[in-house]
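Letter by letter, the chains look like this.
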Amino acid sequence: MSLLLDNMPALLIAVSLFGAFLIPIFGRFLPKIRDPWVILVSFLASLIAVINAVTVFTKGTVVYVFGAAAGSSAASIDSGGLPFRIIFTIDGFGAFMLLSAAIVSFAVILYLVSSQKERSGKSEFYALYLLLTAGIFGMVSTGDMFNFFVFLEINSLAAAALVSYHRNGGIAVEGALKYLIVNTVGGLMVLLSIGLLYAQYDSLNMAVIASQMTWTTLNIVALVLFITALAMKAGTVPFHYATPDAYSVAPSGITALMVVASQAGLYGLFRILFTVYGGALNTVTVGWVIIILGILSMVIGVTMALPQKDVKRLLAYHAVSQTGYMLLGVGVALAVLGDPVALSAYGQTAMEGGLFHIINHALYKGLLFLAVGAVIYRTGVWNLNKLGGLGHNMKWTMIFFLIGALAIAGIPPFNGFASKLMIYESVFAFNPILSVIAMIVSILTLASFMKVFHSVFMGPKLPEFENVKEVPKLMIAGMVILTIFVIGFGLVPDLVVDSIVTPAADALLNQGSYIAAVLGGVL
Amino acid sequence: MPFITVALLIGIAFAIILLKKNMIKMVMGIGIMESAVNLFLITIGYREDGIAPIFTNAPEGVDMVLPTVQALTLTNIVIGVATTALMISMIMIIYKKYGTLNSDKMRRLKE
Amino acid sequence: MTSGLVIRTAGRLLAPFIFIFGFYIVAHGHLTPGGGFQGGAVIATGVALILVCYYYKDCIDKLTPAKNFKLVEAAGLILYICTALSGLVVGASFLFNWMNATGGLFGHAVAYGVNAGDIFTAGVIPVLNFAIGIEVLGALSVVLMYMFAGLKETTQAEDDAPASTPIIKKSGKQGGKK
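Protein chains in written order, with our numbering: chain C, 1 to 523; chain S, 1 to 111; chain P, 1 to 178.
One chain only, chain C, in its complex shape (with noise of 0.2 Å):
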């Protein structure tokens, strides 16, 4: 028992990748017990990220060293003490986005199993589904520069595959195609940077380098290249042309999980900016940078969200906008990192609200995008205008878009409004025009998502839906898991502040505590 606990992180990706190379096997010999299989690894995965999470908020920064004869010391004896293994290292941060992506991608199997049961070529689909999910998990916890570009590159190509599944129509392969080239250039110019950065300091580990970070030119370019790449994997605009195309041929299931991995593409972007740069950076003209970025996002989402009539490509747009919201947060918090008194006074609550919007981003947009699959999976129809009454026939699929459609608003006592009022109070006392751009992106949001729930669900009831019946009980399964949380976050959000959020962002702000974890003191 205690061989397991010593080597849960390893466990994260382990587990996960041997259910997904066993599946094959069962799916030639023995398909009855293929759908439970992948129900067991995936429930087996979240709950080794979850205990792996706890540990973390508990005990402090975990490193994990892969090959060395015990698990953790960075800087074992027989390297003369340069760490040159590639490490594990979970903090506060890389915990709260392993809780995020568990919950997600165990709601999603749920979902998925019942949703593609018509399906052919499901073995493939689900082994490169649990790969999907080894690679978001392995990217928010490694401490190797280029363990991250590695899953970087597992996550863009098992997601833009799972994205081509419907491929009769073909257009689902046109989207996927577009992803792949957009995040294939995206993972080339992050490679080129780790080159960079390689050449200078001779290390991959990313506590030695940053405890020998300057500001020199190259440093300069690399960083350019680094925004320029994990922007463009999070979608955030100029770079957001893959984003709706992408989101609106995939499986319904899959967009949830795509969601998890854009943001993932997030958490790669803070963790070069606060952890690897630090306190190198030339802090305002950077802060101002990504928090332009966000405003961009935020703005353009919401503006070409409101005309379209398709209604997973809205979605899509919007979920554009709400990266926005996150970029803003911690762009502003990054803007005053050099100062101490702006920094405990409204940098810190800024932070933490961008964090906190990122896991609530996930859960509300997760269930937004399931509720409306159900609709596509029992109508086939996703055009707005032919919509209309299914409100009288499926009750519980209206039930949770509704939630979502709230919670996305930021309406109390959902998440949604939790994160959002941290993020205007902070930005607020930081340029009173960002915060007030804000709340009219928020507005116009509300309006869109009225428009949405009242041509989907509301209105009498139209001719050709008679016969529409409610969705099968594994799909509301996995709706509910993430209601729960949704409405569970919403109500008790101080205590979700403190116990997760906090420490991410902590973390996050003090370079020194990670670089020490690592090198325990030693350089």
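The set of hints was computed from the structure by calculation and includes no laboratory data.
Hints are supplied without guarantee of correctness; some may be wrong.
Claimed, not checked - Residues from chain P that keep clear of chain C, each with C-beta distances beyond 10 Å, as calculated:
#, residue
1, Ile18
2, His28
3, Ala48
4, Gly87
5, Phe94
6, Phe148
As the list claims (entries may be wrong) - A few chain C residues facing chain S, derived, Cβ under 7 Å:
#, residue
7, Ile39
8, Leu40
9, Leu157
10, Val173
By construction, the Cβ of each residue, glycine as well, lies at the ideal position given by its N, Cα and C atoms.
Could you slot chains S and P onto chain C? The hints should help.
Quick look at chains S and P alone, frame taken from chain C:
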């Protein structure tokens, strides 16, 4: 000197990806950019008058070129193979359904 | 497509040598340049040679269909993850090199200085090389087989039919030596 080649190749590759309309030429442009990044990674590890970094062939007093960049390059080549294979199979399916390889005509996903 | 007697015979002669050469690259991965991925790619080149020389339908019937290669790929991956998890069973961390210098299967110690290299050294690393080699050959063969399925091939009846245009006899007066 090889760094100038790398910068030139990345510039040419970006021009190909942004300007060409045929999808297969776009995939070739991504292949050129990948080769440029691999060349950059290997050039970082070069030391003057170095020998190959093999442990059982270590004469005294001679420098070896860096071996970890060779591992990075090998991993990138494998990732490139997988990405190119996936992109080309997607282009094959698009050709069967749409009948064209021109990226201007593949616009069923509109604004 | 069939390419004539010469190419078919040469392909049948060369294919075993390609397979053995690929296997050699995989097996000596810890001594010479090479290893899992490179050796697996060379073996997949041998499969590609056979696919080019013969009709696609004959390959599917007589060589092996694509779904067997998928099992080969899964077997290689399972060998890799079990070897990695075996480090946990022995008592140390994930992917620990527990077979190094202990005298078991690959357990001789590495001698210092300039020497020719002993193949039975370096513990877990050759086992992982074999696993990756099997996996890469399976995966690349599946990719090749599915891509060849998209070609339009001529059938055997069309290839054996006499040519539809008459062969023009070259007269000896134009060109050539006088």
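Taking the earlier hints as the rules, which of them does this structure contradict? Hints 4, 5, 7 and 8 are the ones this structure does not satisfy, whereas the remaining hints hold.
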